[in-house]
Amino acid sequence: MDTKAEAEADARMLVGMVVFDGFQLLDVFGPLEMFGALRDKVRIVILAERSGPVASSAGPSIGVDYTFDTVPDLGVLLVPGGAGTRREVNNAHLVDRLKSLAIKTPNVATVCTGAAVLARTGLLDGLKATTNKRAFAWASGQGDQVHWVKRARWVEDGKYFTSSGISAGMDMALALIAKLFGRQTAVGVANGAEYRWNEDAHDDPFAGLYGLAD
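First residue of the sequence shown: 0, per numbering that gives the first Met the number 0; consecutive thereafter.
These aren't lab readings, by the way, just hints derived from the structure by calculation.
Be careful, since some hints might not be right.
What the hints assert, rightly or not - Here are the simulated BS3-like cross-link-like pairs (lysine-lysine), alpha carbons at most 25 Å apart as the crow flies: (1) 103 with 40; (2) 178 with 98; (3) 40 with 149; (4) 158 with 103; (5) 40 with 127; (6) 127 with 98; (7) 178 with 158; (8) 127 with 103; (9) 178 with 127; (10) 149 with 127; (11) 127 with 158; (12) 149 with 103; (13) 158 with 98; (14) 158 with 40.
What the hints assert, rightly or not - Pairwise CB distance ranges, derived in the manner of DEER restraints: (15) 207 with 40: 35 to 41 Å; (16) 62 with 86: 17 to 23 Å; (17) 194 with 54: 24 to 30 Å; (18) 56 with 143: 24 to 30 Å.
Ideal placement from N, C-alpha and C gives every residue a C-beta, glycine not left out.
Start from the sequences, fold in the hints, and give me the full structure.
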């Protein structure tokens, strides 16, 4: 049985994390650590435009399980931020493939400036979203039809979750876990990681630092 057939035969929910050159390490591995605690419920895979190692902004690289064209159906699609998003918002092929994946995936979430890339697909038009507060002006400029929320740790609008900068991805991941598997499961995951979950989606303590207020 090939790897795609094996994935399709696995009853666990498939969680796919997109990577690109210059992704932020914590954007990727923070949320994946939370989902990784649910090994009986989810299976995590790494996605990219092409196969081969992909370097983070900090240097370490990660391997790719599937390209956008070979990945099986996902239950959750995650998009990180990082310095590479400044380039990828202009990568028409990546934006197009991301759009196709997001349309057919029931839960789509972004971390940090990953929201800027998703905004370029047009799928956030007319919806509420947030992003990294330090890069808010640039990121929000990638989607002028999006209702950007300045003071939010994360935002849920329909099937789309968007979160603020870097560490906020873990808070958002726990909120998504709570939605999918129940709050007690999310609390258990946070406790297991010895992580103090900020459950208030409306309170980003870093918004004021950058002069952002709704």
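Evaluation of the provided hints:
Restraint check for residue 103 and residue 40: the C-alpha separation of about 20 Å stays at or below 25 Å, so the hint holds. Taking the CA atoms of residue 178 and residue 98, the gap is about 23 Å. The hint holds against a cut of 25 Å. Simply put, residue 40 and residue 149 have alpha-carbon atoms about 33 Å apart, too far for the 25 Å limit, and the pair is violated. Distance hint between residue 158 and residue 103 is fulfilled; the C-alpha atoms sit about 11 Å from each other, no more than 25 Å.
Only pairs whose Cα atoms come within 25 Å are accepted, and residue 40 paired with residue 127 is rejected, the gap being roughly 29 Å. Simply put, residue 127 and residue 98 have alpha-carbon atoms about 17 Å apart, close enough for the 25 Å limit, and the pair holds. Taking the CA atoms of residue 178 and residue 158, the gap is near 11 Å; set against the 25 Å cutoff, the hint holds. At roughly 20 Å between alpha-carbon atoms, residue 127 and residue 103 fall within 25 Å of each other, so this suggested pair holds.
For a cut-off of 25 Å, the pair hint linking residue 178 to residue 127 stands: about 18 Å separates their Cα positions. Simply put, residue 149 and residue 127 have alpha-carbon atoms about 10 Å apart, close enough for the 25 Å limit, and the pair holds. Annotation: proposed proximity of residue 127 to residue 158 holds, straight-line Cα distance about 11 Å (limit 25 Å). Using a Cα cut-off of 25 Å, the hinted pair residue 149 and residue 103 is violated, with the two alpha carbons roughly 28 Å apart.
Straight-line distance between C-alpha atoms of residue 158 and residue 98 comes to about 14 Å, which keeps the hinted pair within the 25 Å bound. Restraint check: the Cα-Cα separation between residue 158 and residue 40 comes to about 19 Å, which is no more than 25 Å; the hinted pair holds. Distance hint for residue 207 and residue 40: a CB-CB separation of about 37 Å, consistent with the stated range 35 to 41 Å. Between residue 62 and residue 86, the C-beta spacing of about 21 Å keeps the proposed range 17 to 23 Å intact.
Checked against the hint of 24 to 30 Å, the C-beta distance between residue 194 and residue 54 comes to roughly 27 Å, which is consistent with it. A hinted range of 24 to 30 Å holds for the C-beta pair residue 56 and residue 143, which are about 27 Å apart.
Of the numbered hints stated above, those contradicted by the structure are hints 3, 5 and 12, listed in ascending order.
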